[in-house]
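Chains A and B, in that order, give the protein sequences. Just so we're aligned, residue 1 is where the first sequence starts under this note's numbering, counting upward by one. Just so we're aligned, residue 436 is where the second sequence starts under this note's numbering, counting upward by one.
Keep in mind that the hints were calculated from the coordinates and are not lab data. All C-beta atoms, glycine included, are put in the ideal place defined by N, C-alpha and C. Please note: incorrect hints may appear among the correct ones.
Stated by the list, open to error - Listed below are the simulated EDC-like cross-link pairs for lysine to aspartate or glutamate, each with C-alpha atoms no more than 16 angstroms apart in a straight line:
1. B:K542 x A:D396
2. A:K414 x B:D528
3. B:K542 x A:D415
Claimed, not checked - Here are the simulated distance ranges between beta carbons:
4. A:E376 x B:R451: 15 to 21 angstroms
5. A:L430 x B:G576: 35 to 41 angstroms
6. A:K426 x B:G576: 51 to 57 angstroms
Unchecked claim - A partial selection of chain A residues facing chain B, derived with a Cβ cut-off under 8 angstroms:
7. V382
8. G383
9. E385
10. Q386
11. F388
12. S392
13. G394
14. G407
15. F408
16. P411
17. D415
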Amino acid sequence: MSETSLLRWIEDFSRNRKEPSWMTRLRKAALSEFLKMKPESKDPEIDLEALIASITEEKPQISSLEELPKEVLEQLERLGISREEQSIITGATVNLDNTLVYSNLKDMLRKQGVLIESTDDAVRKYDWMRDYMFRLLDYRMNRIVALHIAFWSGGVTARFPKDIKILYPINAFFLIISEGIGQTEHTLVIADENSEIHFTEGCTAPVLAKYSVHLGGTEVYVMKNSKVRLTSLQNWHGNVHHRPVKASVVYKNASVDMVSINLGSTTVYSRPKIYLRGKNANGISQTISFIDKTRYVGGGGIIIHQAPYTTSEILNRAVLKDKGVEEFHGRINVEKSAPKSKAHMACNSYLISPTAKSLTVPELYTEIDDVALSHEAVVGRVGEEQLFYLESMGFDENESLALIVNGFFEPILKDLPFEYVVEIRKIIDLAMKGA
Amino acid sequence: MKLFEVKNLRAVVENREVIKGVSLSVAPGEIHAIMGPNGSGKTSFVLTLLGHPNYKVIKGKIYLEGEDITELPPYERSRRGLLATFQNPPEIDGVRVGHLLSLISEKHKRGEQNLDLTKVMEKSRLGTNFYSRSVNVGFSGGERKRFEIARLLLSNPKVAILDEPDSGVDVDSLYVIVNGIRELRSNGTGIVVITHYRRVLKGINPDVVHILYDGKIVTSGDCELVKKIETKGYGAVIKNV
């Protein structure tokens, strides 16, 4: 397709979705920017026509979980959400390919003033969406962001009112169930002043995808005195290239903790961005990855300090096996407006096989002197003495490795929802068995 | 059939011979003490029995209940009932004591009966706060030794090898260790205790005392041998050979 016909297509697409004109303009601007940009080495091959075909394809119309295919249900069960008790304690939405199909506890949350909608509906319904959608993610940032903005579809928008504290995690699940799809959902979380939220996203593909690109996007707004934790677990099976784009902004006395857990996908590249915009704001970007076979995981957080007394941490933990490759590019930027800021970056990698590789590139930039920035990196091999100690207790080599690896992830796993931890441990145990 | 038999065992580590022909036979409920000066090969002997990858057996055999286990990997020996406590157990970050002990108790249960973890923890004087601690991380000397005893008891061993269970411990921990060994003995476990000190041996009354020197058992006897060493030093018993 030529640029003109692509732009015409995107205009029709937006119009058919009954989107406001600001969104149509954004999509078009993002697409023309995308076409101008040169692919980077980390970019997966993107077939625009296939992407278009998959986005416009008829989506299964499912109104309740029971109508989902059996293997999808099993997957959900493993994540613990179809159980009766789960549906009582957690609020969950399920995104099937790009279509929002199910959301339990929506009513209960709504009664407390929480708005949970599909992002498609939210864009159509609310004018204020214009002030948040793609204000943190800008199509000029890079090619993948531009592509996401041009082609986004589906996803969840959640807006939490002032003073609300929700102690249980609110889950959104994204599933790839058809082949060749480019999933492009957009998640928007707005936590109004003095609120506390734990939002979790689970991405998984119960079917083995032949070739698929995940181009999801997430924007998080953390208003004054609020606390938001966003946990993203991805366990895409098959030849999936995971390229999520994420950004959040944190205002005065507020904090955000963005946790990414990478267990699947052939390649992953992600650099979540956090803007610390108010005094005393705190941002934490954590990644844990299990990288086996010939998989590649790249990225690391970017934190931008824009106000005084802001604090941040970028924490990275990876276990590498076989010919797994990890490249960490963490970056901390302190602007002139952010004196007395503190930032710390820590990279901890565990190599299980001699053929695995880990590369760490930490970047610390500051425009002023009055700050404290630090970095540490540790790359280690699993200790022979630890292995022997566990084997002498009756655990075979794989069981011992799984114990050590799970232990290594423990500091980040300890605060996660129970069902996530169970799932993660199961995946690691399974992967170790293939040693 | 003997419970545990070591026949003329010789082992090398990095081409250096460290065990130079050791034989030993332990019956159910029997306690063997192995003493000897530093560097005589006591820990090497334990690691060879357990199947440590760095210790290669060049001659001799190890039998457990008549089965030749000389070539088995460590976990297979363990699963058959050969268990040991370590002199310097390594730290394992993030692996919780409670989790590990429950896995051990499941792995080594006999029949349907799991040993009561809470009771074992009480006996080992490890408080409930221990369940959530990482294995050996930040443990005091005594805590390490008591944790080793706890996991040994939970493993239902047929043969237990304790490598210096009493080094650097206070009286309370010693009490836990001595009681642990007594309990194992009354359950019919064959026991090998490596130690430098008489105080633990006084509590458990070993049936046989062996003196290991330069990779060989140079003499064996009863508790009188221990007294002799305490008063006259190893020189007296080693020279007599």
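Hint-by-hint comparison with the structure:
1. A threshold of 16 angstroms between alpha carbons decides the hint, and for K542 (chain B) with D396 (chain A) the separation of about 11 angstroms falls inside it, so the pair holds.
2. About 13 angstroms separates the Cα atoms of K414 (chain A) and D528 (chain B), which keeps this hinted pair within 16 angstroms; it holds.
3. A C-alpha spacing of about 28 angstroms is found between K542 (chain B) and D415 (chain A), which places the hinted pair above 16 angstroms, so the restraint is violated.
4. The hinted range of 15 to 21 angstroms is not satisfied by E376 (chain A) and R451 (chain B), whose Cβ atoms lie roughly 38 angstroms apart.
5. Look at L430 (chain A) against G576 (chain B): about 38 angstroms separates their beta carbons, and that is inside 35 to 41 angstroms.
6. Under the hint 51 to 57 angstroms, the C-beta atoms of K426 (chain A) and G576 (chain B), about 37 angstroms apart, miss the expected range.
7. At its closest, the beta carbon of V382 (chain A) sits 10 angstroms from a beta carbon of chain B; the interface hint therefore is violated under the 8 angstroms criterion.
8. The beta carbon of G383 (chain A) is positioned within 8 angstroms of a beta carbon in chain B (closest approach about 6 angstroms), and the interface hint is therefore held.
9. Here the hint on E385 (chain A) is kept, as its CB sits about 5 angstroms from the closest CB of chain B, short of 8 angstroms.
10. The beta carbon of Q386 (chain A) comes within 5 angstroms of a beta carbon in chain B, closer than 8 angstroms, and the hint placing it at the interface holds.
11. With its C-beta approaching chain B no nearer than about 6 angstroms, F388 (chain A) sits inside the 8 angstroms limit, and its interface hint holds.
12. The closest approach between the C-beta of S392 (chain A) and any C-beta of chain B is roughly 5 angstroms, which is under the 8 angstroms cut-off, so the hint is satisfied.
13. Checking G394 (chain A) against chain B: minimum C-beta separation of about 4 angstroms stays under 8 angstroms; hint holds.
14. Checking G407 (chain A) against chain B: minimum C-beta separation of about 3 angstroms stays under 8 angstroms; hint holds.
15. Interface restraint check: F408 (chain A) against chain B, minimum CB-CB distance 6 angstroms, threshold 8 angstroms, status holds.
16. Interface hint status for P411 (chain A): upheld, as the beta-carbon distance to the closest one in chain B is roughly 7 angstroms, under 8 angstroms.
17. Here the hint on D415 (chain A) is broken, as its CB sits about 13 angstroms from the closest CB of chain B, past 8 angstroms.
Comparing the model with each earlier hint shows violations of hints 3, 4, 6, 7 and 17; every other hint is respected.
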